[in-house]
Structure formats: C-alpha cells, structure tokens
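*Asks:* Residue numbers (numbering that gives the first Met the number 0), protein chains in the order written: chain V, 0 to 363; chain U, 0 to 557.
Hint data in this document are derived by calculation from the structure and do not stem from the laboratory.
Bear in mind the structure is a predicted one, so any value in this text is a computation, not a measurement.
Every clue listed holds true.
In silico DSS-like pairs for lysine-lysine, Cα to Cα no more than 30 Å straight-line:
1. U:Lys345 - U:Lys261
2. V:Lys176 - U:Lys89
3. U:Lys429 - V:Lys175
4. U:Lys429 - V:Lys245
5. V:Lys246 - U:Lys429
6. V:Lys175 - U:Lys89
7. V:Lys223 - V:Lys107
8. U:Lys429 - V:Lys176
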Amino acid sequence: MTIEWSGAAKHRGQTAYIGRMRPQDLLSPVPAGLCCKGGNFHIDPVRPVERALITHGHSDHARAGHGAVLATQETLDIMRLRYGENFAGSTQAVRYGEEIRLGDVTVKFHPAGHVLGSAQIAVSCKDTCIVASGDYKDVRDPTCAPLEVVPCDVFITEATFGLPVFRHGHAADEVKKLLASVALFPERAHLVGAYSLGKAQRVIALLREEGYDAPIHLHGAMEKITHYYQSRGIALGELRPVRGTKKADLTGTITLAPPTATSDIWTRRFPDPVTAFASGWMRVRARARQRGVELPLVISDHADWDGLTATIAATGAGEVWVTHGQEDALVHWCQSRGLAARPLDLVGYGEEEESEPLGEGEQA
Amino acid sequence: MNRFAELLDRLAYEPGRNNKLRLITAYFREVGDPDRGYALAALTGALSFKHAKPGLIRDLIMERSDPVLFGYSYDYVGDLSETVALMWPKATLAGHNNPPPPTLTEVVTMLRTLGKTELPRQLARWLDELDETGRWALLKLVTGAMRIGISARLAKTAAAALGDKDPHEIELLWPGLSPPYTELFAWLEGRGEKPVNLDPAPFRPVMLAHAIEDADFAGLDAADYIAEWKWDGIRVQAVAGRDARGHLQARLYSRTGEDITKSFPDLTSSLHLPGAIDGELLVVRDGRVQSFNVLQQRLNRKVVSPKLTKDFPMHLRAYDLLADDDNDLRELPFAERRERLEAFVKKLDDPRVDLSPTITFDGWKQLAAARANPAGAGAGEDAEAVEGVMLKRRDAPYLPGRPKGQWWKWKRDPHVIDAVLMYAQRGHGKRSSYYSDYTFGVWTSGEAGDELVPVGKAYFGFTDEELIEIDRFVRRNTTEKFGPVRHVVHEPNQGLVLEVAFEGLQRSTRHKSGIAMRFPRVSRLRWDKPPREADRLEILEKMLKSETNKVLVSSSGG
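Please model the complete structure; the sequences and the hints are all you need to start from.
*Replies:* What follows is the structure, given as structure tokens:
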C-alpha cells in the first residue's frame, strides 16, 4: 500500500540522548492522544493526525480521518467496514511480532486479547521500551488471539475496571445463566445487549461452546462485523437477521443487539423480551439496575482488577502509566508495590457504546 | 447457599410478578429439603437470628484489604455488603482440599446458635468459601437487609404452584408450620398428607370488594344491602384462640396473612375473647379517628417504643366476625354475622375495639348523599378517616378472594388537579421500551415569573392506548436526556397537561414543592388544555393546610 512508514521521520525530536532516555521523551500525552515525537506518530489519536498507530477497532480508539494508519489487518478491515473505503489517506497492515522502524524508534504489535485484531504496541528506542497496551484482557476468548505479556520498562495500562470490586469470574458461567433463563422462559425472547465489535461475537462463540446450536438472531447494526468475524474463520453457527422475522418466530430465541437498542422501541417486535446485558459493568448492581437490565451477564472484554494487577506485575515494568478508567486506585496499587506510577491525562476514551451508531432503519 | 444467592440475585432484577413466581417455583423444584425450606423461611421473613452489625462486616474487610482501595471501592459501589462481597480476597486454601461452600441450611442453623464472639470467624470462613453472589446474599442475610421486593405472600404462592395448590390453603396452614417446612413440601409434591394447622389463632383468607361503577347500581336492589363506612386505615384480622394448655393466644394478621402482631403490642391484650374479627386498624386519639397520615407515622417502625404506642394509640374498628370461640361463622349470611359481631364486641367490652356503624339508607340517592357528607350522616367527627362507603349483601357468606356481586366499595371522589408533564422515565419489564413514569408539576411564582415545580410522579392510571400516545409525545418533545430520564417540553403554550387524581397530601422535605401526594395516578389526558391553564401550587397548599390543621389540632391532645 504505502512505504511512508519505513521512511525517516520528517521532524526529529530532541534525540541527542545522553545515556538512558526519559520515557516521557519517547511517548507523551498531547491533546490528540499519545504522541511519539521521535517516530512522528500518535497512538490511537482522538483527533485527525498525520500518522496514526491504532491498537484496535473500537470507535474511541480507531477514528476516521488520519493521514496514514498502521494497524493489524483485522483492525484496518474493521475500520473500513465502519467508516468506508476512504477512512484514511493510506494504510499499512502489520503482523503480530513484526518489527517496523519509524524514525528513531522501532514499533512492534503484540496480541492484546481484547477483540479480533487488537494489539498492544511496543515502542522502543535504544534501551527503553514502552508498551502501550490499548485495551486488553487476560482471559480466554475464542474469537481473538490471547494476550501476550511483553516485558518492558514502562507499561501503559487501561483502568476501565481498575477497582478491586471488579472481578469478573468465568464468562462460561454467565452464558450458562443466560441459557438457564432461556430454558425457564421458553415463551419469551432473550435480548442480549453487547457491543457490536468483539463482545457480541464472543457471546455467540461462548453460546456455541455450551452446546447451544439454535439460530441466533442479530440486530441490523451487528450484522456486518459479525459476518466479518465469520469470514476470518471464527465459527459462530447459524445467524439470522431480526429484520423481517415475525414476532411469533422470535419466541424462545436469543438476539444480540447493541446495548442502546435493548431499551429502544425496537424491542417491541419481541415477545415479552428478557433484557440481558453482557458487560463487566454488570458486576455492580446499581449499574445494572440503572439500565433496567433484568439479566446482567458479567462478561467483559477488559481485564478485571486481578487481570490488570497480574499483567502489570508480569511485564516487569518499573513504571506504570494509567489511562482511561479508575486511574486513582490502580496508581495507588502500583505505588504500594514500589512501582513508579502516574495517571495519564488522555481524554476521549471510554465506553465504545456512546459513539456507536445504530444500523439504519433499526431505530424505528 | 450459592444456588439460593443466584435466586435472590435474579429476583432482585426481575420486575414482573409472574416471572418472579416462576423463578421461585423453579428453585423449589430444583433444590431439595431442607435448603428450600430455609429459603422459603428467608423469603417470608420467618427466620430469626441475631443480625450482624455493619461495623463487624467493615472490620472483616479492613483486616483483608488496603483501606485506600476499600475507600475507592465503597465510594463507587455505594453499598457495604456488595462492596465487601465483590472485593473479598480469594481464599488461598490448599487446592483440592477446599471445603465445599456452605449450604443455606448450614448457614441458617449455625447463625441461630453461634455466639457473638464466634460470629466474625465463622462469617469469614463462609465468605472464603462462597462466590461473589453467594457472599452478597450471605451478607444481606446476616445483616437482615434482604430487600428484594418479595412479599411473604408471593413466596407462598410460588410454593403452592409446586403442587398446583391454592395459596390460600398454605395461608391457612402457615401459622402451624415452621422452617424448613418439610411436611409442607411433601404435601405439595404429593408425597405426604396435608399438614394440620394446630395453630390456636389461625389466619383466614379475607373477602374483598369490587369497586362499584355507576352502571352497576341499576342491577342492584338497595334493600339487599347493608352499608357501612369505608375506613381509611389498615385492613386486619384479629384472632384469638386457646392453645393446648388452655392459654389464650392473640394474633393480628394483615389482609395477606402476614403476622403483624409484634408491631401492635398495645392491641393484643384487647383481644381477650376467642374469635376472629375482620376490621380496620386505626389510630384513635381522644375518641377521634385520625387520618391515614397519622396512622402512617405508626407503621413500618423497627422498634415499637412506649412513646410510639402512647402517641399513636391503636384501635380496632370491627366490621365482621369470622369465628366466635370455636364456631366458624363464615358460612352464615352477613346479616347474621353482623348480629353475632355486635354481641361479641359488646361482650368483649374493650375501649380499643368498637363496632363500625352501619349507615341507614332507603335508596341509592340517600346513600350517595351520605357518601358525599359522612359527617352529617353519622360518621360525625370521624368523617375525616372515611374514604367512602362499603356495600355488603345481607345474604353473602364470607368468601375468600373477590367474589362477584357480594361486596362493593364506593370510594369518595378523589382529589383531582391538572398538572403539566415535566419529565418522563422509562418503565421496567414489559414497559422498558416505553416512557411510562411521569413527573408532573404545577405553576408557582418564581424569580423570573411563573415556573413549574414538580409535585409528584405517576406511573399508572392510563390505558395501554394512552400509554402509547404519551410515549409518542415524550419522544417527539424531548428537550434533554439524562440517562433514562427525558426532559419533556413544558412551556406555557407547549406541553402536555395530565389530570392527576390522588387520595391525599402530606408535607415532604424530599420534594422541592414541599408536598407529597398519596396514590397519584393519571386520570385523564388533557390534550385540549394548554399548560398555562394547569393548576397552581397554591391550590395544593390550601388543600394541605386544611388537612394539616386537623392533624395538628388532634396531635396536640396526644
């Protein structure tokens, strides 16, 4: 596609290093996102930039309008599905483990276990290595490559579930809970709210692993990405669109829908629906009640507290930068273990749901 | 315990009554004795042990976690039991030798016998063995804060469904049963004889009235009916009977059969004759019945202090007699039962128990006049506590449930105001896709001229068709969204006027308007009325003042 990436950076940073460089000279937070001056790029920028490295396809990390984008093939494909062919000036796909030199630095993408194609980005210069992990989880997910722990000097971690109350348990048990409910209420439809990239496909795959082989229905906004997952060889069984299905035929079925749709008038096409929501937030009752969820399913695509702390420890990083979520608690935990830690003031990351559009015509 | 916790967890989120029943019945079917029996006891509030104090729970978590992290977590979750349940550290016990999590039976039976000093260690052990949901349920159970929106009646109905029995039958047996109810389940599953209620003071399922409509009168003959006042109190059944040793036992039941004797110790000594009275629980001060507002201050108190019983003296106003000594009177016609009641109350001769008077009337017109002016038709100074009239067929036996054509209630017209829809919130369950909870307001003078001030919330009273119309209006006229709440346009010339009916008013510090409504519901949609013509706060204040004056005058005497 393009070879811009392998060329030297146009603007070299202050790279007259003496001895070991300071990590903040390698990567630093700026309003557009995490900026690497030495390599002339941003990681997951929230504003249009010249060159962007994207960790994964969720809309708060992957935005349209950058000059050049470097990401895994899956992330590029997902961006194309969401934003159209011209989502960036140019693109380049990178494989996990492939080393690319950008200006003064080298970058390497490693699996993050978050969603299909998700990556942590290791940025190295001389003897300093920073890993920007993006979003990650350290538990099994049949729909994406498992998290790889990358030894580094500075680990940039998310903190979505950065409180010790967030411990997520086994996703399989939550899916069993859903199936028990389907068995108990065979005359009702089960409507599972799940983010359309990653979570929905994981829930479907987990249902299949539990032996559920009936067709699973999809909200219109789920179709494209789910079919993309299937095209990448992920077995999801028989899927049907809700659109055009008679109310009576939805009796006893399971439907996956974006979380916003499960409280929308769209649900009136289902017979007496049970509203479920698959999210790590469901661990806290007040959150579930606030949303009017009847069947909370604690299934998260982010690491829980134990996962965050275990991963931080495993990287061997002496310094930890904490972004989006409950930074304070995680910073406190790091410091109490003798690690240098600070919150990174990055704005614009959070739950993908807020910015997720519903499929056309599905609102009605 | 984990399975019971799972049930509680699911019930806490399930809004529908029938679905709750299904969940509980499925649990009873799946879980064996004695665990399910203790679950039934927990759900009906029949378990008794000394509850653990929140301080104890806090100490346990403080010994095991970083206080800073606990602080952040508690702030976030907002509930102590839940925070502790979620952040309780995983036990580091020797792998394959982990003890199995405790059963509900173990927990309940141990809690009964455990000494105060042993409790913390035992609790910690259980918390180590349970999962998150199990820990949450355990902590709710031991702190006595199991608020999950399940009535004892609902739990019994779910048990009855196990054997296709009428829940009334369980109510009848209930006072004679005790946890873990193995004989009850054996009978429900067709494996055993029906348990015998040896309770000397059993509950009898109550008879209820239909609301009368104008059209009903045409088919009714006034001569067939006896009329009485409908009191705005609490329907109770006051029962006394002799146990095996000849001691008199007195009990007070709610209309659903819940034993509420403990809440009204000042009344039990008045039930000194064996029998079963159907009547109304009222507060009477200096011979005058107080309004429901006053009665409410006596209800739902954890501790019934001597001061409370002195300031809010309870009174039973009797209107039916179901049993006289050992004789069941329910087969007798009402007119005969009424005679027996009059004799019974006279014999009882107790200042706290009196007879609900009948209303003399020749025809419906005369009764309508009495209903409109109870004070002038015999209710005298007690008229404030009258909320309408009751019509009972002279020949009606006492039948459980709501039999057709036997008893009628004819309530006084409710208060009505025109208010403006201000905010709408999504409902729950079947209504979760509809904006079905409405906050409405009335006009008041503000700094910048007239403004609307919220005075209440209503979520029923409208028909399904009207719900669809309001829902559509809300969606098309939303000015702002806050999570599940929508601000709906409410300008003088733009907005929706709701006619709101309600039963009474109270002062409230929780509402900006300072007023709270009792039983508000949407009685009509006033599409025809522009919001500027809706009512003003002054009208409500005037109504409140007349109610409050009565309360103040009467409480100064107590």
